[in-house]
Amino acid sequence: MNSNNDSEILGLLRDISKTDQTVLGFDYLATVTAKIGEALDVEYVLVGRSTDENLYRIKTDVAWSRTKGIIPNFEYDLAGSPCEYVITGNRVCVHTDDVAASYPNDPLLAEMGIHGYIGAPIIKKDKGLTGLIVAMDTKVISDGAKDRISSILEFFGSRIALEYFRVDAEEKQKALNEMLESEIQVRTFKLVEAERELRNQEKLANLGMVTMGVAHELKNPFNLIHGSSEIIVNTIDKYFNETKHIDQHTARAFEKIKKASDLLSKQLLIANQSLDTLLKQARTGELHTHNVSYDLPEVADSCLNNSLHRFEEYDFITSIEFVKNYDSIFVKLSSLEAFEKALEIFFDNSLYALLEKKQKSPPGYVPKLSITTHSFEDHPTLIIRDNGVGIPEDIKPRLGRPFVSSKPRGKSTGLGIYLANIFVEKNCGTITFDSVYGEYTEIKMILK
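The numbering of the sequence shown is the numbering used here, which starts it at 831 and goes up by one.
Calculated from the structure, these hints are not laboratory results. Just so you know, these numbers come straight off a predicted model, no measurement behind them. In this text, a Cβ means the ideal position worked out from N, Cα and C, and glycines have one as well. It is possible that part of the hints are untrue.
Beta-carbon label-pair distances, calculated as ranges [unchecked claim]:
(1) Gly-1268 - Phe-1019: 42 to 48 Å
(2) Asn-1155 - Glu-1072: 44 to 50 Å
(3) Gly-1268 - Lys-1088: 14 to 20 Å
(4) Glu-1143 - Leu-1054: 22 to 28 Å
(5) Met-1009 - Asn-935: 40 to 46 Å
(6) Pro-1227 - Val-997: 26 to 32 Å
(7) Lys-1088 - Glu-1025: 49 to 55 Å
(8) Gly-943 - Ile-1014: 28 to 34 Å
(9) Thr-1260 - Arg-1017: 28 to 34 Å
(10) Glu-1255 - Gly-1057: 56 to 62 Å
(11) Gly-1057 - Phe-1019: 50 to 56 Å
Calculated pairs, PhoX-like style, for lysine-lysine (alpha carbon to alpha carbon, straight line, at most 25 Å) [as the list claims (entries may be wrong)]:
(12) Lys-1020 - Lys-1086
(13) Lys-1020 - Lys-954
(14) Lys-1188 - Lys-1162
(15) Lys-1162 - Lys-1278
(16) Lys-1187 - Lys-1086
(17) Lys-1188 - Lys-1274
(18) Lys-1086 - Lys-1096
(19) Lys-1068 - Lys-1096
(20) Lys-1226 - Lys-1198
(21) Lys-954 - Lys-969
(22) Lys-1187 - Lys-1162
(23) Lys-1086 - Lys-1074
(24) Lys-1002 - Lys-976
(25) Lys-1020 - Lys-865
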């Protein structure tokens, strides 16, 4: 190589290297590729690397055309192309003329009308190959231009390798930062949840104290109301027994009063039992063990009727389609009252979900509530399923935690399912939930 040629190469290197130092990454590759193409006066310059999936398939990172400038990137197979010898041979590949005829299995050369081809490897710091830089021309490359092009491609192959290394390092750093940020978000979420849980536990501790006080205060008026209700019933019965002639209007009125008094008495009994259960829970955290056997379908029907009484004012009750699939199963319960309270909480929730969907749905919607009792792996199982509004997705992960409710503010304390879980657990049972928002909710209780 003569001194004039050396000077020309050095001059071209200086011109090409005059790139804004703030331009980095793929922007730098695009800028320097365009400068190389213009300085060498060739038709195409390509910079590319093997794809992650296939080492013998190249994907360009920058493709430059003298007539079009930067063109869209593309992929092509190495096999049967001159690039195969560049990427696998660790050396410059030079074809000054008729390269398409030398590689008939590379249709891209013929389509682009390429005659001259010079490709140089892009070598990593560990001497391994990472890609290639190729200059192609639609005319013959002269012997004088051959040396100049080869030297410049080899030089910038090394410089591009450093840029690739820097880009890869940045991408790894970015991925690491994203992973760390994700981990921080997860940990922050856990801390927030732990703090919320701690606050809830504090609330529950305070609630336990308040419960004991309120329960004690309510016991006396509840007992007084219950006693008064019995007096009303006894007075009516005595009146009927002592009076020979009672007109139908008065009889119907007394019958309604008696029925209402019976219902009031029954609900007060349930309320008293609930207060007793809450008092036991607040005092000891445990329920007394009875281990008495109960007919599971009979218990379910009794609790359903109690819940239905609480929704009597709503006309939709008569439109509910009830499906009962009962196997005769007896269960031993540590506390019947606690288990009944749990069932009534779930029935209340199902009826509320049906009511809410009935109010929102067009005519034709039929509310359905199914109750199933059977034995699952020798364990008594009760399933309650409704086609109501379902459980919102944001509530599902927190379902069962204290003060969490899908009902509007003021409609619920958010303690129902939490307490139901406690009551079922006291009876050595477990609860699972399955729900699709807007379609259904299914509650499965498996008892030991």
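Outcome of range test on Cβ distance (Glu-1255, Gly-1057; 56 to 62 Å): violated (35 Å)
Given pair status - Lys-954, Lys-1020, alpha carbons within 25 Å: violated (43 Å)
Thr-1260 paired with Arg-1017, Cβ distance criterion 28 to 34 Å: holds (30 Å)
Distance restraint hint 14 to 20 Å, applied to the beta-carbon atoms of Gly-1268 and Lys-1088: violated (43 Å)
Given hint Lys-865 paired with Lys-1020 - CA-CA distance at most 25 Å: violated (53 Å)
Hinted pair Lys-1188 and Lys-1162, Cα distance within 25 Å: violated (37 Å)
25 Å limit on alpha-carbon distance, applied to hinted pair Lys-1226 and Lys-1198: Between Lys-1226 and Lys-1198 the Cα gap is close to 22 Å, so the pair holds against 25 Å.
Lys-954 paired with Lys-969 [C-alpha distance capped at 25 Å]: violated (32 Å)
Hint consistency between Lys-1187 and Lys-1086 [alpha-carbon to alpha-carbon, up to 25 Å]: Violated, at about 32 Å.
C-beta pair Lys-1088, Glu-1025: status relative to the range 49 to 55 Å that was hinted: holds (54 Å)
Given pair status - Lys-1278, Lys-1162, alpha carbons within 25 Å: With Cα atoms ~8 Å apart, Lys-1162 and Lys-1278 stay inside 25 Å; holds.
Pair hint outcome, Lys-1187 versus Lys-1162 [Cα-Cα no greater than 25 Å]: violated (36 Å)
Checked against the numbered hints above, the structure violates hints 1, 3, 6, 8, 10, 12, 13, 14, 16, 21, 22, 24 and 25; every other hint is satisfied.
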